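K.L.:
All chains should be modelled from the sequences, with the hints used to inform the complete structure.
The numbering of the sequence shown is the numbering used here, which starts it at 1 and goes up by one.
What the hints contain is simulated information worked out from the structure, not anything from laboratory work. Treat the hints with care, as some may be off.
Stated by the list, open to error - The calculated lysine-lysine pairs, modelled on DSS-like cross-linking and capped at a C-alpha distance of 27 angstroms, are: (1) 143 x 49; (2) 105 x 122; (3) 143 x 131; (4) 145 x 76; (5) 105 x 131; (6) 143 x 76; (7) 49 x 76; (8) 145 x 131.
All of these numbers come straight from a predicted model, not from anything done at the bench.
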Amino acid sequence: MVEMLPIDYYGVPTPLRELASISVPEARSLLIRPFDPATIKDIERAILKSDLGLNPNSDGVNIHLNLPALTGDRRKELVRIVSSQGEETRIALRNIRRDSIRDLKSFEEDGLLTEDDYHIGKEHIQEITDKFTSEVSEICDRKEKEVMEV
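P.N.:
Have a look at this one:
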């Protein structure tokens, strides 16, 4: 949930899991123990800036996150977030496909590939893109159903 949250660590965005240990002491709470206590304020700031809707409580050594019970509105908001992240992933896949096909085309123009090899490669790239796009859609659908379960 928060492992990959980017924390501004000396000007470099660093995943939270590289700066702290994260444990689950109770079903509805997370305990974050920063390896360097000086990063507590940065971690709190990143959690507050995120759209996770969590409020960090710090005791100077650890950060406690109490996870609220999911209301209907919060569930819908989480579904919206999942849907948005899924769409961003599909866009990234299409961009990778476009760049790969462009590279194949330049190889063909430079004489490194035949026209047939270009078309075979293009079809292969499309098959891979379709496979991963459908996987992303399945994962998003499954997560949306999971979030909406009461």
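K.L.:
Next step is simple, just say for each hint if it's right about the structure.
P.N.:
Cross-check of the supplied hints:
For the given pair, residue 143 sits about 23 angstroms from residue 49 by alpha-carbon distance, which is consistent with the 27 angstroms threshold. Among the hinted pairs, residue 105 with residue 122 is consistent with the structure: their alpha-carbon atoms are about 9 angstroms apart, no more than 27 angstroms. Restraint check for residue 143 and residue 131: the C-alpha separation of about 18 angstroms stays at or below 27 angstroms, so the hint holds. Of the pairs offered as hints, the one joining residue 145 and residue 76 holds, with about 11 angstroms between alpha carbons and a cut-off of 27 angstroms not exceeded.
For the hint pairing residue 105 with residue 131, the CA-to-CA distance comes to about 22 angstroms; that is within 27 angstroms, so the pair holds. Pair hint residue 143 plus residue 76 holds up; C-alpha atoms about 12 angstroms apart against a cutoff of 27 angstroms. A distance of roughly 20 angstroms separates the Cα atoms of residue 49 and residue 76; the hinted pair therefore holds under the 27 angstroms criterion. Note on residue 145 and residue 131: the hinted pairing holds, with a Cα-Cα distance of about 21 angstroms set against a maximum of 27 angstroms.
Consistency with the previously given hints is maintained throughout, with no hint failing.
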